[in-house]
Amino acid sequence: MSDTDLAARGGSDDLARPARSGFATWEIDRADVAHLSGRFMELLGRDAQAVSLAPEVWRGLIHAEDLAAAERARARLFSGRVATVAVTLNLRHVSGGDVAVTLCGQVTARDHDGMPTRIGGMAVAPDEIIEGATRRDAKAIALRETRDGIAITDAQGRYTFMNAAHRRMFGIAEAADVTRLHWSDLYAPEVVASIEAEVFPVLMRHGSSTGEARGRRLDDGTPVLQEVSLTLASGGGIICATWDIADRLRAEAERARLRERLRVAQRTEVVHALTAGAAHDLKNLLGLIQQRVSAIEAGVEDDPADAAGAITATVQEAVGLLDARLDFGKAGTESEEPIDLRAPLAKAIELVAATLPPGITHRLDLPETAVTLRAAQVDIVQVALNLLLNASDAVDPAKGRIVLTLDTVPGAGAGPPQVGALDPARRYARIAVRDNGPGIAPALQRTMFTPYVSGKGSAGTGLGMFVVAEVARGHGGAVCVSTQPGQGASVEVLLPID
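For the sequence shown, position 162 matches number 167 in the working numbering, and the numbering has no gaps at all.
Per label pair, the in silico range of CB-to-CB distance:
| # | residue 1 | residue 2 | range |
| --- | --- | --- | --- |
| 1 | P490 | I301 | 53 to 61 Å |
| 2 | D412 | A310 | 45 to 53 Å |
| 3 | R262 | D34 | 24 to 32 Å |
| 4 | S487 | T366 | 17 to 25 Å |
These are computed hints drawn from the structure, not numbers from a lab.
The C-beta atom is built at its ideal place from N, Cα and C for all residues, glycine as well.
Build the full structure now, drawing on both the sequences and the hints.
What follows is the structure, given as structure tokens:
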């Protein structure tokens, strides 16, 4: 990759302006295109010009040994399960050497469902930050004025620098001398103990650590809910970047409540579909009961006691047919626990089987050994039911084929996902439903995960695939769709198992 290759790629107007933090900035959009500031390129010995790079080009800037760590950090942010990450990498300098930086990243844009569409942050060279803060040069001014809370401690844990945003977050006056403060002054004793026992070992081992913490304001003691990214500097000091997440947590809690209401509403829709589909079997059972009762009334039943027993057994079968469906509808919010995915998938195929026309064949392919992950069983049943019912609606009732399978795959061997993100270094349980229907129309593919948008017209609510996507996202997984006109469709739900 040459300087010409990089310069030929377009720049970003936003990134061409001075970074608000005063440091090298980067962003990656949902299309996996990286937008790097001029300062970022300057760190690599290249022209100080902002560029936008294709996936294979920006990955080439990262040392091969660190690429997996970068991919994991990217996948974690795009999964929506974390708001910030920090990862220390070696980047390739134009001279052939390496440049050690810590990339502090966060989610910078989300879609209407709250899922990340863009991530970005700073490329931090710890020694350079400390020198800048000491010299009070232009970079230190920018560091003080950024809206992100930034603080630096020495090896003993006492603050040597704290910008205005960090001071405001913790109720520290602008004129206060922060060098008199130790980092532990901002936390309750039990939080300090937790940080020392759980966070610092990770920080010392890996050079960085990211997570959430509960601090307290020094002026009135009110809680500070924060996302924290720590980077170990040479000499034992620590650089802390922090964000107040109270508003985000409230918004996430409200979105979670709304999502659960939608899932319960959609579960009712599934019950209606299952019950309607079972009406044929129920009618047959009632017909058998009618025949035995008529025989008893006509006096032609040889053994009335035997007939009564048969009637009782048939009634129990009819009740069981309905109870299995109604129990699913009544299920509330189950707690997550380790489950073998084979059980809920077998339950789902059993529920759907009674609704299928005689011309549709179905098959369940399960592995011989357990596939275990932590989940609510009702969620897995609901995912499988939605996929199976969609497939049954799509195929020819006279010659349709539906296959439900379960296996495990590496993240690098699956995708590309239409929902969520995959970590190449992890393994995933793959729940897949394949059919021989007409395939999914391109227009529907673009909206199939959008709530209240249905490909079934007035016959559907548009919640089924939305719920499938929500369950996948909630587990840090993904949904992959493969379809060809006239050749059926395959929908795969991938959930991480390690």
